[in-house]
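There are 2 protein chains.
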Amino acid sequence: MSTKQGKQTYTNDRKVYIKETAAIVGPREKEGPLGDYFDEVQNEDFDEKSWERAEAKFTGSVFQKLMRKIQLKTDDIDCILAGDLMNQCIASSIGLRDSGVPYLGLFGACSTIAEGMVTGSLLINSGGMDNVICMASSNFCAAEKTFRMPVEQGGQRPPTAQWTVSGAAGLWLSSQSGGPVITSVTIGKITDFNVTDANNMGAAMAPAAADTIIAHLSDLGLEPSYYDAIITGDLGLTGSGMLRELMDMHGYSLYDERNNCFRHQDCGAMIFDPIKQKTHSGGSGCGCIASVFASYFYKQLQGGNLKRILVVGTGALMSPVSVKQSESISGIAHAVAIEAQ
Amino acid sequence: MSTKQGKQTYTNDRKVYIKETAAIVGPREKEGPLGDYFDEVQNEDFDEKSWERAEAKFTGSVFQKLMRKIQLKTDDIDCILAGDLMNQCIASSIGLRDSGVPYLGLFGACSTIAEGMVTGSLLINSGGMDNVICMASSNFCAAEKTFRMPVEQGGQRPPTAQWTVSGAAGLWLSSQSGGPVITSVTIGKITDFNVTDANNMGAAMAPAAADTIIAHLSDLGLEPSYYDAIITGDLGLTGSGMLRELMDMHGYSLYDERNNCFRHQDCGAMIFDPIKQKTHSGGSGCGCIASVFASYFYKQLQGGNLKRILVVGTGALMSPVSVKQSESISGIAHAVAIEAQ
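As they're listed, the protein sequences go chains D and H.
Take 1 as the starting number for the first sequence in the numbering used here and just add one per residue.
Take 1001 as the starting number for the second sequence in the numbering used here and just add one per residue.
Simulated from the structure, these hints should not be mistaken for lab results.
Every value quoted in this text rests on a predicted model; they were computed, and no experiment measured them.
Just so it is clear, CB atoms sit at the ideal spot from N, CA and C, and this is done for glycine as well.
Be aware that one or more of the hints could be misleading.
Short, incomplete list of chain H residues facing chain D, as computed with Cβ under 10 Å [unchecked claim]: (1) Ser1111; (2) Leu1220; (3) Leu1317; (4) Glu1327.
Interface residues of chain D toward chain H, partial, derived using beta-carbon atoms under 7 Å [claimed, not checked]: (5) Ile90; (6) Gly105; (7) Ser319.
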């Protein structure tokens, strides 16, 4: 059973464990500061003829890798929750069409893996499900082609632009004990601060992240210092600065005075080295927070370096058509509180 | 709490009521055989400058209409589950961005409203949620532009093609008593029978519908005759015939010998008059089963003409890019068993 706390938050009375994870990324992610943490590296095209097929193969391969790791049969998995940023989420549906597992498609843009953890942990708390797999993916060239310009055109990027991560990740959520526990989840509202620049997604998503983090802390009566780290993905460098300012404005400082650093970390800001790799504002895409959480942060929780974290997936709810029609870019963020055991 | 039955089905121990519905459709739907059942009719463009904005306005207006009907405050709604077929589901996110309600985006193609009922009833069974709104929408011209050709081009359609419904619908699921009850739900698997013709979605989805209906009946040990009606949406005329044949092949006849008719009904086949309205194989789009269930079938349950029905939302998991890349069109279907009180 789950219990509603305040307006948007649910605590899990039935423990939900993140028992295992898998992440496959591309070469740029492998060369970045977190390169050693990922399970596997593959070329961005994954030996496929199209970028869309490549992204689907990342998804399918992560599912296979996770199933090998966890040694369950597909019949033991109650449901897959998955999504991506391709039109009509084809990377997930094509990549998982041979899985033989009941499938619920999600659309949360780059917040998808967090939306999966939120929904999956509540489904397990409904009592009927015991094993759920959450997945998300993105691919640099597939996203460039969909949202911006073909890479071959060599268009110049402004400093606020982010680089879509090529990668996919999967998480096994289970009622069986073992691994870090999802203790509570907060479902975000759509926020819109009238940002219309598709090359500045951090600005569109930072208000959503602030809104959801404040809702989470307020619903549970917590201060940011309750968490060893508050992890967003993927605001990038630009959006991270905005989030920290917005939180300050609302009286919640994300600065950790004792350790003289921010307790806020952003997967988009961490996955690349912005100077050496020339990745401007950082990483983005559904695969960004998914692969960084599934590898680096999951290992920090397992190793005891982090005890309590809040993972906040952020998504920009837009399409190339909506941007061309001068629609503003709405944002959404979902938060998942996780404790090491 | 929910209880797993067999492999894909969950029974709801906590009763989930469909307490209220709302549906707004376009003029073609109003002129069809079910025209009198819809709450409101609006022009396809809904006085907006683009088809995408029009679809978003259908969604936003249905939400407003439903909120007026149910006389709850937005704070009383725990969560909206919504999706559509636009790229990156912008109709839902733009249409609902001012709602102020926690939002989980779904992608299930035309199965979205069924995916919403499946997920929503399990979320209510997790104990923490009491009121969930499920929504789905589509718009004829927006879908033609996205998936086929601009309407202005006047391209000819083969007889298997379907007409996207312009419309949106919303359902209020609640733990408070009143209205028909969702008794069990079955989560579908992705099926793929190698259909590659984007003008024959019925053929792509019929195997998914058969797979989910058989899973549902087998998980619960039921025969089709347990239900007064098994309602799919939107297989259209072509896909409906295929489903009936497939079910026969698996030993489950959908024919009702006593009443000399099929106990299977398809929202896509019902919403238009194929001869008078020249709609070929029938209606389609996320708004098709959503608006027909929310109006016609909901009133049949309320009026006592139907006591027990199985609603099976079917979706074709494809994009224009995947079709051009010769990918086959996968299908998915989710089933929701509903009983009048």
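Looking at the structure, which of the earlier hints fail to hold? 2
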